[in-house]
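A.B. asks: Those sequence lines, one after another, are chains A and B. Heads up, the first sequence is in the working numbering, so the first residue is 1 and it goes up one at a time. Heads up, the second sequence is in the working numbering, so the first residue is 1001 and it goes up one at a time.
No lab work stands behind these hints, which were simulated from the structure alone. Note that the coordinates shown come from a computational prediction; the quantities given were computed from them, not determined experimentally. By construction, the Cβ of each residue, glycine as well, lies at the ideal position given by its N, Cα and C atoms. Some hints could be false.
[Stated by the list, open to error] Among chain A residues calculated to face chain B with C-beta under 7 Å, some are:
{"#": "1", "residue": "A109"}
{"#": "2", "residue": "P329"}
{"#": "3", "residue": "G453"}
{"#": "4", "residue": "V493"}
{"#": "5", "residue": "Q517"}
{"#": "6", "residue": "D525"}
{"#": "7", "residue": "Q533"}
[What the hints assert, rightly or not] Computed list of chain A residues with no C-beta within reach of chain B, every gap over 12 Å:
{"#": "8", "residue": "G279"}
{"#": "9", "residue": "A375"}
{"#": "10", "residue": "G446"}
{"#": "11", "residue": "A467"}
{"#": "12", "residue": "L559"}
[What the hints assert, rightly or not] Covered stretches of chain B, as calculated for chain A (at least 3 residues, CB under 8 Å):
{"#": "13", "segment": "1053 to 1059"}
{"#": "14", "segment": "1080 to 1088"}
{"#": "15", "segment": "1094 to 1101"}
{"#": "16", "segment": "1128 to 1135"}
{"#": "17", "segment": "1166 to 1173"}
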Amino acid sequence: MSGLLGVLGLGARALGAFQLDAATAGNNAANALTPGYSRRRAVLAELPPVTLGRIAVGSGVGVATLERLRDALADRRWRAVQGELGLWRAQGDALAAAETVLGAPGDNALLEAVTQFLAGWGELAVHPEDLAARQTVLTEAETLAGVLRRTAAQLATQRAELATALADTVAAVNDTARRLADLNRQLQASRDNPALADERDRLLDQLARDLGIRTLAAEDGTTSVLLEGTGLALVSGPRAATLALAYDPATDTYAVTLDGTAVSTPSGTLGGLLEARDGATGLRGLLAQLDTFARDLIAAVNARHAVGTGLEAPTTVTGSVTVADPAVPLAAAGLWRPPTAGALTLGAVDAGGTIVASGTVAVDPAAMSLADLAAAIDGLPGVVATVSGGRLVVSAETAGQGLVFGPDSSGVLVALGVHGLFTGTDARTIAVDPALRAAPAQLATGVADFGAGRVAPGDNRTAAALAALGQEAVIGGMTPDDFLASLTGALGVASRAAADRARTVTTLADDLERARQAVAGVNLDEELAHLLQAQQAYGAAATLVRVANDMLDTLLRGL
Amino acid sequence: MRITTTMLFTQGLAGLQAALDRFARAQRQAATGARLAAPSDDPEAAARATRATARLAALRQWQRQAADATDLLTMVDDTLGRVGEVMARAHELALQGASDTQGPVQRQAMAAEVDVLLDTVVAAINERLDRRQLFGGRQSTTPPLLVTRDAQGRITGAAWGPDVTGPVTVQVDDATTVDLAVPGPQAFGADAAPDFLPGVLIQLRDALAADDGAAVRALLPQLESATDRLDLARIDVGARLGRLDGLRRSLTDRTTDAESFRSTLLDADLARAAIDVSQSQLAYQAALGALRATQGLSLVDVLR
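Build the full structure now, drawing on both the sequences and the hints.
C.D. replies: In structure tokens:
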């Protein structure tokens, strides 16, 4: 292969090599903005020399391999923080959305509604005989119930949205895992295909963000994926496991399983969404707090209202709480606030405010069922009691008379929702008793005086007691404003902590991304310079071909 | 470190985003005047602001209640004053009527005047503010003093209705309550008492009409005792009004304090916010300029 024809061949091979070099640089420049693209280099190598006797003559240049420039260590480091980043980012976003439901600190609808409600009672305590003040209190009560219901509904909607996001993430993870398994199969066949390797790394990056992974590169060119913090394999070689969500209707929470095995604490976006939806500092905890607020508020208000008297006495009251089985003892009936052993006084009052009949029922929830209680109340003079549809119905026996409720040490009136201001048992169900809405004069402001046998219209003791609720530790052992302050503060702290962690991890992730990019990323100037270099070399090789051709020409003509 | 094209671009973009975020934040503070947009901006301040807001609402409510109580008790005080004047006149008439120099004609005239005074007193006792009886105590909707009249419409008897008792207390401060009720028997005597004010006036009128000087004389101590009770009630109401007055001043001061405390927690410092806006605007412009400068440079331009 020596001689002029050899020189011509050498030139031709060099032309090919530089063409490929230029094409690689061009491809790099073209993919400068392609996500996940790793720049490549044509590695030029001298071709094996031709030996002529004792001298070895070079036979030119060729492209030995296309090198894919990628730093595997930087990749692993980058992926290691992605799980945490996804976790805090998803949590921070969800909590920030929950914060908007509660409103800005200066504009908290729930706090506003509570203070207005209490102020309404304060006003009514000054004017217990005023019908307008009664209307105001009922309107404020409805606003308060509405704000609680709306807040709970909005938080529930956000939880439903998070559940959808969870399902989407799980579907995306499964899809990615399947594609990775496919890629592993293809890579087994052609391990040095840079496009396949790029695609694999892109999918691994995605998984790292979605749920936090560790990767294991095998000898055969495949990459296995383990879930961070567990030994569970999502992808092992050409096989992908299936991630699934397990819903627990009893607690309304989700758990993640991998091929049926529970994944205790997933990281990444998936973990963040789970924590935000079902965690103690997440929306589930917030809803539980809101329910506690509503429950304790209903109980505290109704406990005072139930034993109060208004301008008019109701002729019939129906409990708002339904008992599934009226024959079961009250303690075992699954009541939202189980009554205790105690006594309930009630009676009938005439239009002039004189209590015409009264009596006391001993309540023993361990032995007494709803039906027994109704029978015992029915046995009192002046009142009739029945159970209708699982609810206690108490009426005045004589036409023209109304009901009057006295001290209730058993808490059975609150438990059964009898003669309360609010109906419902939590933030989703709280409402104002429609019977009171229709008859504001029945709103209780006073207390019956069973000793004197009188009900006085100007008595404001119930109204004053309700107005003073703002200073009493009735909500989860705290005053209402303290409870709301701690709720707001706790949500703020959780949201801020998640945002701060996300910011810190983002800084770290950005540094690692730069380190990764420093190796794999494309610099257009660099590629252009390289193109110029290839162009020069190509020109030189072309000159060589022409010279060789001229020489051959000279030789042929000279002969 | 090797710098790549994408790196320059994303870095520039991130800087731009950060500058824009600061700008938007400063602008929101300046525009809304609110320091906190969400509890997470300052959880501790948000919690304290919640308490401060509730505290402020309670103080304002107590202020309103104290004002209402003042209105009501002022009217009670005025009415007691009017009854006091009537009693002074009745006392004068009783002193005249007790004198033996008066004849039956003069005593008849006096009896007629006392009858008018009696009507005035009964009307005053059954006085209302809006729908509320001033002297009804817990019986605030129906007139507390029930009177019986003869065929000529003259009052022949008076008795208290049911529930004319107190107290009707209203909270006006953390630990302070004020009694709104001045039940009739407290100011005018129980209806069975010998110095029951309307009862004494009825007896005085009847004694004058009967031209019985000795009986009129005998009524003088009861008349004075009834007046004394009235004065005591006025002193009591005056003391309550005095306490309310001091309390309302203190409530006003504390409301102002609570307002400014809440404001320090929630309101943006507007001067500071304005400076932040212009500063962050500058930073944003600088970031924009830097991005344009880096993106404008390329070997392609140089090689042309």
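A.B. asks: All hints are to be evaluated individually against the structure, with a verdict given for each.
C.D. replies: Hints versus structure:
no., hint, result
1, A109, "violated (12 Å)"
2, P329, "violated (40 Å)"
3, G453, "violated (10 Å)"
4, V493, "holds (4 Å)"
5, Q517, "holds (5 Å)"
6, D525, "holds (4 Å)"
7, Q533, "violated (12 Å)"
8, G279, "holds (16 Å)"
9, A375, "holds (34 Å)"
10, G446, "violated (7 Å)"
11, A467, "violated (6 Å)"
12, L559, "holds (46 Å)"
13, 1053 to 1059, "holds (count 5)"
14, 1080 to 1088, "violated (count 0)"
15, 1094 to 1101, "violated (count 0)"
16, 1128 to 1135, "holds (count 4)"
17, 1166 to 1173, "holds (count 4)"
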